[in-house]
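Could you build all of it, start to finish, from the sequences and the hints given here?
Just so you know, the protein sequences line up as chains E and A, in that order. Note that the numbering used here has the first sequence beginning at 1, numbered continuously upward. Note that the numbering used here has the second sequence beginning at 1, numbered continuously upward.
Honestly, the hints are just simulated from the structure, not real lab data. By construction, the Cβ of each residue, glycine as well, lies at the ideal position given by its N, Cα and C atoms. Possibly wrong hints are sitting among the right ones.
[Claimed, not checked] Just the calculated beta-carbon pair ranges, DEER-fashion:
1) A:Glu140 to E:Lys60: 26 to 34 Å
2) E:Lys60 to A:Arg29: 22 to 30 Å
3) E:Ala42 to A:Asn68: 48 to 56 Å
4) A:Asp26 to E:Lys136: 39 to 47 Å
5) E:Pro124 to A:Asp56: 14 to 22 Å
6) A:Arg115 to E:Ala35: 22 to 30 Å
[Unchecked claim] Straight-line Cα separation of at most 20 Å, DMTMM-like style, residue types lysine to aspartate or glutamate; simulated pairs:
7) E:Lys197 to A:Glu81
8) E:Lys135 to A:Asp179
9) A:Lys197 to E:Asp145
10) E:Lys23 to A:Glu52
11) A:Lys197 to E:Glu178
12) E:Lys136 to E:Asp147
13) A:Lys135 to E:Asp26
14) E:Lys197 to A:Glu190
15) A:Lys188 to E:Asp145
16) A:Lys51 to E:Asp26
Number of protein chains: 2
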Amino acid sequence: MVTSHPATEERILEAARRVFHRKGFDGARMQEIAAEAGINKALLHYYFRSKENLFDAVFKEAFNELINKIFTIVGSELSFEEKIRYIFNDYIGFMQKNPYIPSFILNEIHHNPARLTELINSLPNPPSGIFSQVKKSLEEEGMADIDHRQLVINIIALSVFPFIAKPLIKNIFNFSEEDFTGFIENRKKELPDFIFKAIHS
Amino acid sequence: MVTSHPATEERILEAARRVFHRKGFDGARMQEIAAEAGINKALLHYYFRSKENLFDAVFKEAFNELINKIFTIVGSELSFEEKIRYIFNDYIGFMQKNPYIPSFILNEIHHNPARLTELINSLPNPPSGIFSQVKKSLEEEGMADIDHRQLVINIIALSVFPFIAKPLIKNIFNFSEEDFTGFIENRKKELPDFIFKAIHS
DNA sequence: GTCTATATGGCGATAGAC
DNA sequence: GTCTATCGCCATATAGAC
Numbered sequence: 001m002v003t004s005h006p007a008t009e010e011r012i013l014e015a016a017r018r019v020f021h022r023k024g025f026d027g028a029r030m031q032e033i034a035a036e037a038g039i040n041k042a043l044l045h046y047y048f049r050s051k052e053n054l055f056d057a058v059f060k061e062a063f064n065e066l067i068n069k070i071f072t073i074v075g076s077e078l079s080f081e082e083k084i085r086y087i088f089n090d091y092i093g094f095m096q097k098n099p100y101i102p103s104f105i106l107n108e109i110h111h112n113p114a115r116l117t118e119l120i121n122s123l124p125n126p127p128s129g130i131f132s133q134v135k136k137s138l139e140e141e142g143m144a145d146i147d148h149r150q151l152v153i154n155i156i157a158l159s160v161f162p163f164i165a166k167p168l169i170k171n172i173f174n175f176s177e178e179d180f181t182g183f184i185e186n187r188k189k190e191l192p193d194f195i196f197k198a199i200h201s
Numbered sequence: 001m002v003t004s005h006p007a008t009e010e011r012i013l014e015a016a017r018r019v020f021h022r023k024g025f026d027g028a029r030m031q032e033i034a035a036e037a038g039i040n041k042a043l044l045h046y047y048f049r050s051k052e053n054l055f056d057a058v059f060k061e062a063f064n065e066l067i068n069k070i071f072t073i074v075g076s077e078l079s080f081e082e083k084i085r086y087i088f089n090d091y092i093g094f095m096q097k098n099p100y101i102p103s104f105i106l107n108e109i110h111h112n113p114a115r116l117t118e119l120i121n122s123l124p125n126p127p128s129g130i131f132s133q134v135k136k137s138l139e140e141e142g143m144a145d146i147d148h149r150q151l152v153i154n155i156i157a158l159s160v161f162p163f164i165a166k167p168l169i170k171n172i173f174n175f176s177e178e179d180f181t182g183f184i185e186n187r188k189k190e191l192p193d194f195i196f197k198a199i200h201s
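Shown next, in the form of structure tokens:
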């Protein structure tokens, strides 16, 4: 895994990202990753002993990016309202730049629950701490009656779902790629107020 | 596909559902489906010529169930408020009974966009008609200012997402299976008011 | 219709030369 | 470190007996 020729390892990882993100573990082929990286299969195994190892590196990286992105905002010192606005703007923005990651993660977490537990346990900030902080924020805002966990899931659902369902959305609304981009840009603007109205009595 | 022994074909389909829903096309094995159905691989090919054919039958069925469920409610003669309540109650209820279908559909639609277009075109009620009806409902309720397409996606996102992200949710909240069930039951109760508050000015 | 046996190809992984 | 060649296995699919 550590070598005197980092350029090759990084090229393998880039190729592996492209292929695994799109096709998942079962659909990906070592031959395709090798071709994308401009090398041959044998060299893949020289750097990362097995398909599973290579996949783990890619999965871990994507998972941490996706989770830390949101946990960093939630766990920051911003006001409650600012946090909501930042999440919708930055989190959706991240997925616009990495449109395959949400489906990739949400699909692969079903296949290996043990790895998921391990990854969550090794996060820099434990989720339990983040969530008790959310709860405290809500109490300070005088909204102690709403379940903070339901709210967190609602916010993530509204952010992530359009990217998971993109092909379906494009089809049922007859959206071009530009239409879809516009639809997402509108969400960034409209979702914060949607949430504020929903939670303020 | 049509035969004098329907019991076998139905047993194959039941087995194929169980395996494909959980593992997707790439992860499923014809051997496993045969074993689940209590027959051998050769007989699978006798009834459904290829893995792809068998998968298509399973996919089409799940897709139509998932889409028609919601389109039937949306296109019904219920009042706007009733529709919202029915969607959250019945749609979430359907997914509680079929927890693998949302992930299955949302994952596989990425792999064959052509089949998706075909399936949508063959729906009993065309989506465009359903959505113009939603728009009309909103105008009658004096809520013409909100984008009906954004609202539809929000409602579906809030319903579907917890099932797609179930392993993640259980992990980060330290939920047992019973905790998760309770969490979903609470959503059924709370989501209608969440939406009503969000859209009423 | 249902089985056993087998064809055929592709996959992950390794051996060994350079 | 990087390559070519190949092993061993397992997948889908078919042939052919009953």
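Taking the hints in turn, this is what the structure says about them:
| no. | hint | result |
| --- | --- | --- |
| 1 | A:Glu140 to E:Lys60: 26 to 34 Å | violated (51 Å) |
| 2 | E:Lys60 to A:Arg29: 22 to 30 Å | holds (27 Å) |
| 3 | E:Ala42 to A:Asn68: 48 to 56 Å | holds (50 Å) |
| 4 | A:Asp26 to E:Lys136: 39 to 47 Å | holds (44 Å) |
| 5 | E:Pro124 to A:Asp56: 14 to 22 Å | violated (45 Å) |
| 6 | A:Arg115 to E:Ala35: 22 to 30 Å | holds (26 Å) |
| 7 | E:Lys197 to A:Glu81 | holds (17 Å) |
| 8 | E:Lys135 to A:Asp179 | holds (18 Å) |
| 9 | A:Lys197 to E:Asp145 | holds (15 Å) |
| 10 | E:Lys23 to A:Glu52 | holds (17 Å) |
| 11 | A:Lys197 to E:Glu178 | violated (31 Å) |
| 12 | E:Lys136 to E:Asp147 | holds (11 Å) |
| 13 | A:Lys135 to E:Asp26 | violated (41 Å) |
| 14 | E:Lys197 to A:Glu190 | holds (15 Å) |
| 15 | A:Lys188 to E:Asp145 | holds (17 Å) |
| 16 | A:Lys51 to E:Asp26 | holds (15 Å) |
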